[in-house]
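As you go down the protein sequences, you meet chains A and B in turn. The working numbering puts the first residue of the first sequence at 1, with every later residue one more than the last. The working numbering puts the first residue of the second sequence at 1, with every later residue one more than the last.
In case anyone wonders, no lab produced these hints; they're calculated from the structure. No experiment lies behind these values; they were computed from the predicted model shown. All residues carry an ideal CB built from backbone N, CA and C; glycine is no exception. Treat each hint with caution, since some may be false.
[Said to hold, decoys possible] Cross-link-like lysine-lysine pairs, in silico, DSSO-like; alpha carbons within 30 angstroms at most:
#	chain 1	residue 1	chain 2	residue 2
1	B	Lys215	A	Lys33
2	B	Lys94	B	Lys15
3	B	Lys451	B	Lys572
4	A	Lys107	A	Lys33
5	B	Lys215	A	Lys100
6	B	Lys15	B	Lys451
[As the list claims (entries may be wrong)] Far from chain A, by Cβ distances over 12 angstroms, these chain B residues were calculated:
#	residue
7	Leu143
8	Gly206
9	His214
10	Thr250
11	Ile375
12	Thr397
13	Leu458
14	Gly463
15	His546
16	Thr563
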Amino acid sequence: MSTLDTRDSRPYWQRYMPGHHWRSAAEEFDSCKFGFWLFLSTEVLLFGGIFCAYFIFRSLYPGAFMEGSRALDWRWGALNTVVLLVSSYTMAASIYCVQKGLFSRAKLNLWITLICGLLFLLIKFTFEYTPKWSGYFFVLDPALSHHTETMVQGKTAFMGLFQYVEGYGGKRPGSLFDFPFAKDANMPLWWSVYYSGTAIHALHVIIGMVLIARVLKRVGQGYYGPTHYTMVEVSGLYWHLVDLIWIFLFPLLYLIH
Amino acid sequence: MAHDAHHHGSYLTPKGGFWTTVADWATTVDHKKIGMMYLVAILFMFFIGGMAAMAVRLELFEPVRTHVDPTTGAAHVTGQLFGSKADADAGNIKPGNNLYNRLFTLHGAIMVFMVIVPSIPASLGNFFLPLMLGAKDVAFPRLNLLSWYIYVIGSIFAVTSIILGGVDTGWTFYTPYSTTTDPGFNRVAIMTLAAFILGFSSILTGLNFVVTVHKLRAPGMGWFDMPLFIWAVYAAAIIQVLATPVIGITLLLLTFERIFRVGIFDPALGGDPVLFQHFFWFYSHPVVYVMILPGMGVISDVLAVQSHKKIFGYRAIAFASLGIAGVSFIVWGHHMFASMSELASMVFSALTFLVAIPTAVKVFNWIATLYKGSIVLNAPMVYTLIFLFLFSIGGLTGLPLGTLSTDLHLHDTYFVVAHFHYVMMGGTIMALMAGIHHWWPKMTGRMYDEKGAIAGALLVFIGFNLTFFTQFFLGSRGMPRRYASYVDEFQIWHQISTIGSFVILLGFLVHLFVFLASLATGKKAPANPWGGLTLEWVADSPPDEHNFHHEPIVTHGPYDFETVVPPHWDPKDYPIPAENKVAVSHH
Numbered sequence: 001m002s003t004l005d006t007r008d009s010r011p012y013w014q015r016y017m018p019g020h021h022w023r024s025a026a027e028e029f030d031s032c033k034f035g036f037w038l039f040l041s042t043e044v045l046l047f048g049g050i051f052c053a054y055f056i057f058r059s060l061y062p063g064a065f066m067e068g069s070r071a072l073d074w075r076w077g078a079l080n081t082v083v084l085l086v087s088s089y090t091m092a093a094s095i096y097c098v099q100k101g102l103f104s105r106a107k108l109n110l111w112i113t114l115i116c117g118l119l120f121l122l123i124k125f126t127f128e129y130t131p132k133w134s135g136y137f138f139v140l141d142p143a144l145s146h147h148t149e150t151m152v153q154g155k156t157a158f159m160g161l162f163q164y165v166e167g168y169g170g171k172r173p174g175s176l177f178d179f180p181f182a183k184d185a186n187m188p189l190w191w192s193v194y195y196s197g198t199a200i201h202a203l204h205v206i207i208g209m210v211l212i213a214r215v216l217k218r219v220g221q222g223y224y225g226p227t228h229y230t231m232v233e234v235s236g237l238y239w240h241l242v243d244l245i246w247i248f249l250f251p252l253l254y255l256i257h
Numbered sequence: 001m002a003h004d005a006h007h008h009g010s011y012l013t014p015k016g017g018f019w020t021t022v023a024d025w026a027t028t029v030d031h032k033k034i035g036m037m038y039l040v041a042i043l044f045m046f047f048i049g050g051m052a053a054m055a056v057r058l059e060l061f062e063p064v065r066t067h068v069d070p071t072t073g074a075a076h077v078t079g080q081l082f083g084s085k086a087d088a089d090a091g092n093i094k095p096g097n098n099l100y101n102r103l104f105t106l107h108g109a110i111m112v113f114m115v116i117v118p119s120i121p122a123s124l125g126n127f128f129l130p131l132m133l134g135a136k137d138v139a140f141p142r143l144n145l146l147s148w149y150i151y152v153i154g155s156i157f158a159v160t161s162i163i164l165g166g167v168d169t170g171w172t173f174y175t176p177y178s179t180t181t182d183p184g185f186n187r188v189a190i191m192t193l194a195a196f197i198l199g200f201s202s203i204l205t206g207l208n209f210v211v212t213v214h215k216l217r218a219p220g221m222g223w224f225d226m227p228l229f230i231w232a233v234y235a236a237a238i239i240q241v242l243a244t245p246v247i248g249i250t251l252l253l254l255t256f257e258r259i260f261r262v263g264i265f266d267p268a269l270g271g272d273p274v275l276f277q278h279f280f281w282f283y284s285h286p287v288v289y290v291m292i293l294p295g296m297g298v299i300s301d302v303l304a305v306q307s308h309k310k311i312f313g314y315r316a317i318a319f320a321s322l323g324i325a326g327v328s329f330i331v332w333g334h335h336m337f338a339s340m341s342e343l344a345s346m347v348f349s350a351l352t353f354l355v356a357i358p359t360a361v362k363v364f365n366w367i368a369t370l371y372k373g374s375i376v377l378n379a380p381m382v383y384t385l386i387f388l389f390l391f392s393i394g395g396l397t398g399l400p401l402g403t404l405s406t407d408l409h410l411h412d413t414y415f416v417v418a419h420f421h422y423v424m425m426g427g428t429i430m431a432l433m434a435g436i437h438h439w440w441p442k443m444t445g446r447m448y449d450e451k452g453a454i455a456g457a458l459l460v461f462i463g464f465n466l467t468f469f470t471q472f473f474l475g476s477r478g479m480p481r482r483y484a485s486y487v488d489e490f491q492i493w494h495q496i497s498t499i500g501s502f503v504i505l506l507g508f509l510v511h512l513f514v515f516l517a518s519l520a521t522g523k524k525a526p527a528n529p530w531g532g533l534t535l536e537w538v539a540d541s542p543p544d545e546h547n548f549h550h551e552p553i554v555t556h557g558p559y560d561f562e563t564v565v566p567p568h569w570d571p572k573d574y575p576i577p578a579e580n581k582v583a584v585s586h587h
């Protein structure tokens, strides 16, 4: 959209012209931010569905939810909260650095943000998901999906396609994870909410990391600077939202017994 | 008139050879081209959904009957369009019924998600929102193109699901049926994924429109100088942004439930099916107003322009749009009267009646506008009057459905089917037809044949009432919806209804012919064929690539017909009504 003179050797952000339908770059920036806030409101509503399901099922089956919550280790959740809070700070700092033209510091901050995102996912998969699955194997045969009786009997138990079969694969569920199904028949609901909520959140973390990686690459190429940093800013907004969703997920899933 | 030949040329001017032009359209960020591509895509899906409807109507022409031969004891099935002869001879009605279920699901899902929801905002809205605001484009042109591609991808998913055999859940995908039907296949998952993808398209369009209205109004255009079409599209866009994510998460969880067997909605997995209904209708009720609000906007504009009269109660209509958008979020429960507590049902019933207030405000204001107007009975105006007639019936028949005691009898019958067809087809599609005719000269640069268009409109009107008015009788006499067969006493109503549906088809074929003839041989359209005052009539017909030659400055209201001479006014195009003579002499 913007018209660029290829002979102009200044960095992109200095040559940047707003789209032809805008009266000024400031108006374009304001509108992009406004549009992005609207988009963030749709994200909040998307997770609103998960939270709504959480509250309804919690009020219907408080026992299963308390039991389920005890099966999580709050320490991993807390560590991940700290990781995300740090990344939110570095993200905000990187926007400031780009605005001030401090590009190497901006890149450093973006790297830290990216590493924090990666750390979050690592903790999630290595210490939270995997131990819970260690006694499970992946069932690919849809015929095995009809499992209601097995679930109630408690010998083999089901969490979606992940079927727990006693003795299968050797390892018992780890110390961080209390095998839930024998205790409460409504426990699967808790795990459904837990996995759906945290998995969709993890997906958002991945999308946020892709955005940040793109910004990082483009900061290196001189795309953004004091007069043009829209993408840096909205990527930051997205990352803060990912953080915010976790701030709600963490106490609801880990802390309320 | 369009006379600035030295300028860029119209947006329709080909950029080069055939493939260059195709590539230009496929990568365009011009809101006019995107609007036209949406229009074509939506009309194509309308054709597919319409064919499914015809098939449904044909099946219902005769009831399905099993005859047992008293001597041999052999069963034989008659009246079944979709069963094979072998099945009929074996007395087997199930395969035919399954196909019937898939056809009405196909009809519902396509018409709702791929036609009526995007119809007016994505096509006419995309084309005219920036023009009416005096802007060069929507706020985010590339996002706009992306939303068209997302729409196409979503439609491809839906069509794939149909080609693989279709879905028999009804367009509402109620659990637990939708999570257990067709095991081994994932046609339901593909179809729900399609609806999920289409939701994204809807969100992006809505988001784009909200920002455009806030940020890109021409100099001099305050909020209350905007055409009412913009107000309506704006209100609908807010609903699109705020309601669609909820269907997003609902369909995502449904897909998780089907594929990973996590239990949220399926009682066999410990879930709650009523929660699905709450989630589903929390989106799908507000979205009913995404369907109708832009239609109301078209009617407000067409009605004022074609009767050359200042709209009555401008602010009331504008606020009614926002009022409808607001109320739309608190009435979803009336789709589940049967599955809620009595108190909750009463509350939702009371809230439902609130919708009638802003809606009636609009209808009364439209009628007041017609009073003493210089009404021109051309195709857009005929469709506007058809809208008023059909939509009023649709709205009023909503009242017995919102009343708990009568709903007990009427719910899940053909009365409901007739009601929502009067609102959705009689409302939205009629408004779309009014809008297409009204803006056809602007979009294509050609005039259409007025007599042919009016003939088509009257056929559609007659056919529509034959098809759907009979269904009120069917429903109030107890014919349940979604059944392939019925008792004999209903047959005459079903036959009238089926004949009516063919009259509708004939009407739309007449329209198709009129439109094609207009494109091929139509008279060149003047810039302002109807004498409108809004900014799209300042632009050429068809508009210049950048919409306007100079950025327009707004100095008058959108409907000040008494005091303002229409832009590009030519006495040959249309007669200036007597009341406006004063304005002309001032000029």
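So, going through the hints one by one against the coordinates:
1. For the hint linking Lys215 of chain B to Lys33 of chain A, the alpha-carbon distance of about 12 angstroms falls within 30 angstroms, and the restraint holds.
2. Of the pairs offered as hints, the one joining Lys94 of chain B and Lys15 of chain B is violated, with about 55 angstroms between alpha carbons and a cut-off of 30 angstroms exceeded.
3. Distance hint between Lys451 of chain B and Lys572 of chain B is fulfilled; the C-alpha atoms sit about 19 angstroms from each other, no more than 30 angstroms.
4. Distance check on the hinted pair: Lys107 of chain A and Lys33 of chain A sit about 22 angstroms apart at the alpha-carbon level, within 30 angstroms; holds.
5. With a CA separation close to 27 angstroms, the supplied pair Lys215 of chain B and Lys100 of chain A stays within the 30 angstroms bound.
6. Annotation: proposed proximity of Lys15 of chain B to Lys451 of chain B is violated, straight-line Cα distance about 35 angstroms (limit 30 angstroms).
7. Separation of Leu143 of chain B from chain A is inadequate, the least Cβ-Cβ distance of about 8 angstroms not exceeding the 12 angstroms criterion.
8. Non-interface status of Gly206 of chain B relative to chain A is broken: a Cβ of that chain comes within 12 angstroms, the nearest being about 8 angstroms off.
9. At roughly 7 angstroms from the closest C-beta of chain A, the C-beta of His214 of chain B falls inside 12 angstroms, breaking its exclusion from the interface.
10. Annotated as non-interface, Thr250 of chain B brings its C-beta within 12 angstroms of a C-beta of chain A; the closest such distance is 6 angstroms.
11. Distance check for Ile375 of chain B against chain A: the nearest CB is about 37 angstroms away, which clears 12 angstroms, and the non-interface claim stands.
12. At the 12 angstroms boundary, the C-beta of Thr397 of chain B stays outside the reach of chain A, the nearest C-beta of that chain being 32 angstroms off.
13. Every beta carbon of chain A lies more than 12 angstroms from that of Leu458 of chain B, the smallest distance being close to 41 angstroms; the non-interface claim holds.
14. Residue placement check: Gly463 of chain B keeps its beta carbon more than 12 angstroms from all beta carbons of chain A (closest about 39 angstroms).
15. The beta carbon of His546 of chain B is not kept farther than 12 angstroms from every beta carbon of chain A, the shortest such distance being approximately 8 angstroms.
16. At roughly 29 angstroms, the least C-beta separation between Thr563 of chain B and chain A is larger than 12 angstroms, which holds for a residue marked as non-interface.
Violated hints, listed in ascending order, are 2, 6, 7, 8, 9, 10, 15; each of the other numbered hints is respected by the structure.
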